[in-house]
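Chemist: Spelled out, the chains give:
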Amino acid sequence: MRERLLNAAGRGVVAVLLCLLVLPLAVVVATAFDASGAVAFPPRGLSTRWFSALLASSTWLQALLNSLVVATGTSALSTAVGVAAALGVRQLDEGRRRAVVALAVLPLLVPGVIIGVTTLTLFSQFGLQQSYVALVLAHSLWATPLAFSVIQASFARFDWQLHEAALDLGATPIRAFTGVVAPNVRAGLAVAALVAFVVSLQEFVIALFLSGPDTRTVPVAAWNSLRQSLDPVVSVVSALLLVAVVGLVVVVGALAGVGRFASDL
Amino acid sequence: MSTRTRRLPSLGGRRTLALLAPLLALDVLVFLVPTAYLLRVSLTARTPGGAFVEGSWALDGYRYVTETSLVHEILAFTLFFAVLVTALAVAVGVVYAYAAWCATGWTRTLLLGGAVCSLFTTLVVKLFAVLLVYSPQGLVNDLLRAVGLASEPVLLVDNLAGAVIGQLYIVVPYAILAVYAVLSSLNTQLVEAARDLGADGSGVFREVVLPHVRPGIAVAAVIAFTWSVGAYPAPLLLGSGSEQTVGILVSQLLLARFDWPAAAALSVVTAGTVFGSLLVVLWRLDLAGGLLDA
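Going down the list, the sequences are from chains A and B.
Following my numbering, the numbering of the first sequence begins with 1 at its first residue and continues without gaps.
Following my numbering, the numbering of the second sequence begins with 1 at its first residue and continues without gaps.
Worth flagging that the hints you see were computed from the coordinates, not collected in a lab.
Computed from a predicted structure; not experimentally measured.
Glycine included, each C-beta is placed from N, C-alpha and C at the ideal position.
Don't take every hint at face value.
On the chain B side, residues computed to face chain A include the following (Cβ under 7 angstroms) [said to hold, decoys possible]:
1. Pro34
2. Leu38
3. Tyr64
4. Ser118
5. Gly230
6. Phe258
Here are some chain A residues the structure puts well away from chain B; computed CB gaps all over 12 angstroms [unchecked claim]:
7. Ala56
8. Val180
9. Arg186
Here are the computed distance ranges between Cβ atoms for each label pair [unchecked claim]:
10. Gly50(B) x Thr48(A): 37 to 43 angstroms
11. Leu39(B) x Gln62(A): 31 to 37 angstroms
12. Leu61(A) x Arg284(B): 51 to 57 angstroms
13. Glu164(A) x Thr104(B): 34 to 40 angstroms
14. Val251(A) x Asp196(B): 27 to 33 angstroms
Just chain B, same shape as in the assembly (with noise of 0.2 angstroms):
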């Protein structure tokens, strides 16, 4: 305590102190505090009468989730799903966010208009109409026979690739925006010396943009996963039985079964992944930096 005195100046010190108060507090009371709370629940011991036994002390959660080999099936599935989903958001991202820096006046305010709003649609309406438009008899499926892409409807709700484009509906707006954050402070003068000194565009694409917006991919890519491994109405509206994730599992424990040590455990092995994978993907590209400096 009075170290920290000492180092601050108290009067400026307080009163910094006192503006950071306010998110400190929601950070800790509506997150971390529920966090550990969360943590607290993973280990108390299941029972058929209610949501948990209050007070005790059990692995049972964890034991649940080691044990039960559907368990294991349905977090293999949802790292797969969630791979899958990052690499294509990211490229979408990056494409898209790339087009619209290259693009001047209405065109740009077009393509960035379009991501900010199919940003700000709720996910609902997104994956609503997203049935609609990739049903057997809807839109997409009408102009693929239209050009003669397929003389057959192509199944694209209700199994994987539903459970896919669904999500990817969700992760690419925040995608496209993040790599375009980065973008938006690449020196236009560096692409055109690129372009003096003969670099054709894919050129200048791969040796000048991509390394300068290696952050925003970072970023993007961390987006994409968390809330892929996290999928939950996706692949509940989009996709058939088979493509059941740990978010689904998490809210039939908690929701329907009420074994909330399970459902507990679960979170936080889930959470765990996450954090972990990041960890390791980020100190393996060094990019660590890089994604808090964005």
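Isolated chain A, as found in the complex (with noise of 0.2 angstroms):
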């Protein structure tokens, strides 16, 4: 009944629409198979070569360990603020919530640029600027509130009467926490958790901003190395990142359901 909604001019559209939206990311990994090392389309012969040119160099693998350590800092943070607040705004009267969900999901309607600009200016008073921790506190900002929206919405399908069963038994708040609540939402947390991560891996221009020769992200290293030449080993770098993305959006489609989890986000 759905299905003959969309009329056949309307399905060749979306059809198109799908092959412009996967079609770059679908010629970035044949890229990096290419044996000539021209960055073109479609290859001619296929290698690993530049998988092994990306191994033997220390920056880009410099890169790769900083855009992990602050894609991890900025999941174990943002899911843990988001766990506590998804909790507390539970407590909260309808006028309050609002104004806390506005004031989480406020960064995320500021321009990149102008996140990048703000907080570099003021992390460059107390000397953090090109630190993890600016970038890690920055990327926050992000994934908070994508998080928190995450969580409440699993939240929102949990038996809480489960919740105050436990403390009537006896249970700390910690306790009833991680014993009772935890398991229950256990997919919504990982699904936050792999949010955010992936919020701060592929984010781009506050990175840019915020980080240094020592603490340069993929993105950024992907980017410099743009400007000035077409380097093969852009293709492999950007090919990883986007089997990683796809591998993690497999994880949370099979632990939440694709349609659930993009009506969440």
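Each chain sits in its own coordinate frame; assemble them with the hints.
Modeler: Have a look at this one:
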């Protein structure tokens, strides 16, 4: 019934849109295996030599490490803050809850360039610019509201009478959360942590302002090398990032279902 | 203080506050305080010798913004660019999200999965890929020539088209998911009822679906607009020298010219423009309530 709503012309348009959306992603993966070193599509001959070039480059390995450190830190911080806040807003009345949600969401409505500029001017007062701490905090501004909303959605599906029962039976609030709530919202917590991780992993503009030579993340390193010349290693790094992200999306999809995930986000 | 303790049951109130404290601390310390500091820097005197004159009060930065005609041109172009990208992104987002909602099973997973993957791909990779695909020797031009739509290569990068295409790849996934999130709460029975009463496909879309997704459209438009006003990498990589946006100018002032008062003032003016225009539009469309609900 639903499928008949879209007529043939509509389906054609959507098919073209889907192709345009994912085509560039496919092209990047294909060029990573190009033997010639010319960044072009379709590839002329397959090779994995640029993967070896990546493994031999200390700059790129450092960038990969930086990205992992920052993304892990962002994921841990955002999930913890998000869980606490989602528990906290349950006890607020409607008006205050809206105010808290609005404050949390506000940074998402500010362009990355402006967040980069504002955090850079302040962090540089404390000598914190170019540090992991600065990157984790700034990325958490965007990752936290998303983690918070995913956690809130999964809390909404939990039967809170179980939690009250645990408290009535004498469990401490922490024990009641870890023993009763957490096991039931495990999938939601995992999705929130993954979303925060990926938000940080792919973020570029803020990182461009806040990272230095030692803390440069992969997108910033890729950007710098792109601006100089088309380096085939960029394709390889991009392909790796892409595979990591697609892998995480598949995991999330399996945990939560793509449809629910897409509407919780 | 006393009224507050009286209104909240003391233990529960304190626990709620403790749970909310990390979120409030993060947003206040990393967002509100830096924003206030930026406002302060925008009111200092400019100096050729360093970033800004500490402790001074001056309107130098704002004078630069109001008196330089290049800045006016860049501001005007940025707004035009943002409105264009927003209109296109919302149109694509609505069509795509509606198709995903209509689809079932694997088709829906494929459509939503494609949008989520694109959303979570770093924009550097996306822009780099867009450069490859849309360049004169790229795949899109090959296809256009193969189906006979073009005989000469169509220039789709290094110009306005390139900047717009690049920015669309950044904001369209958000637009799709914002619309889809609202659409997923649409009751299928409403659509069936409309069809039983004789509405055709486009009638259902116009009379039932569009009114329902208005909050989603508002969110999609807000995201697309604010992010495009701050557009930086897409016009830089895929535009030409004439596709200068405020974001590019701010970063030049800050990182290359070390003119912090000017950069801060321009950021403040830009953020003010974004919030001002959003408030006006939301107020005119009376969608503010819907935006907070979504």
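Chemist: Each hint needs a verdict: does it hold in this structure or not?
Modeler: Quick rundown of the hints versus the structure:
The closest approach between the C-beta of proline 34(B) and any C-beta of chain A is roughly 4 angstroms, which is under the 7 angstroms cut-off, so the hint is satisfied. A least Cβ separation of about 5 angstroms between leucine 38(B) and chain A falls short of the 7 angstroms threshold, and the interface hint therefore holds. The closest approach between the C-beta of tyrosine 64(B) and any C-beta of chain A is roughly 15 angstroms, which is over the 7 angstroms cut-off, so the hint fails. A distance limit of 7 angstroms between C-beta atoms decides the matter here; for serine 118(B) the minimum to chain A is near 5 angstroms, and the interface restraint holds.
The closest approach between the C-beta of glycine 230(B) and any C-beta of chain A is roughly 2 angstroms, which is under the 7 angstroms cut-off, so the hint is satisfied. A hinted interface residue such as phenylalanine 258(B) counts as satisfied when its beta carbon comes closer than 7 angstroms to some beta carbon of chain A; here the least separation is about 12 angstroms, so the hint is violated. With a least beta-carbon separation of about 21 angstroms from chain B, alanine 56(A) lies farther than 12 angstroms from that chain, consistent with its non-interface assignment. Look at valine 180(A): its CB is around 17 angstroms from the nearest CB on chain B, clear of 12 angstroms, so calling it non-interface holds up.
Residue placement check: arginine 186(A) keeps its beta carbon more than 12 angstroms from all beta carbons of chain B (closest about 20 angstroms). Range check, glycine 50(B) to threonine 48(A): about 49 angstroms between beta-carbon atoms, so the 37 to 43 angstroms window is missed. Range check, leucine 39(B) to glutamine 62(A): Cβ separation about 36 angstroms, and the 31 to 37 angstroms hint holds. Remark: the range hint 51 to 57 angstroms for leucine 61(A) to arginine 284(B) is upheld by a beta-carbon distance near 53 angstroms.
Range check, glutamate 164(A) to threonine 104(B): about 39 angstroms between beta-carbon atoms, so the 34 to 40 angstroms window is met. Checked against the hint of 27 to 33 angstroms, the C-beta distance between valine 251(A) and aspartate 196(B) comes to roughly 41 angstroms, which is inconsistent with it.
Checked against the numbered hints above, the structure breaks hints 3, 6, 10, 14 and satisfies the rest.
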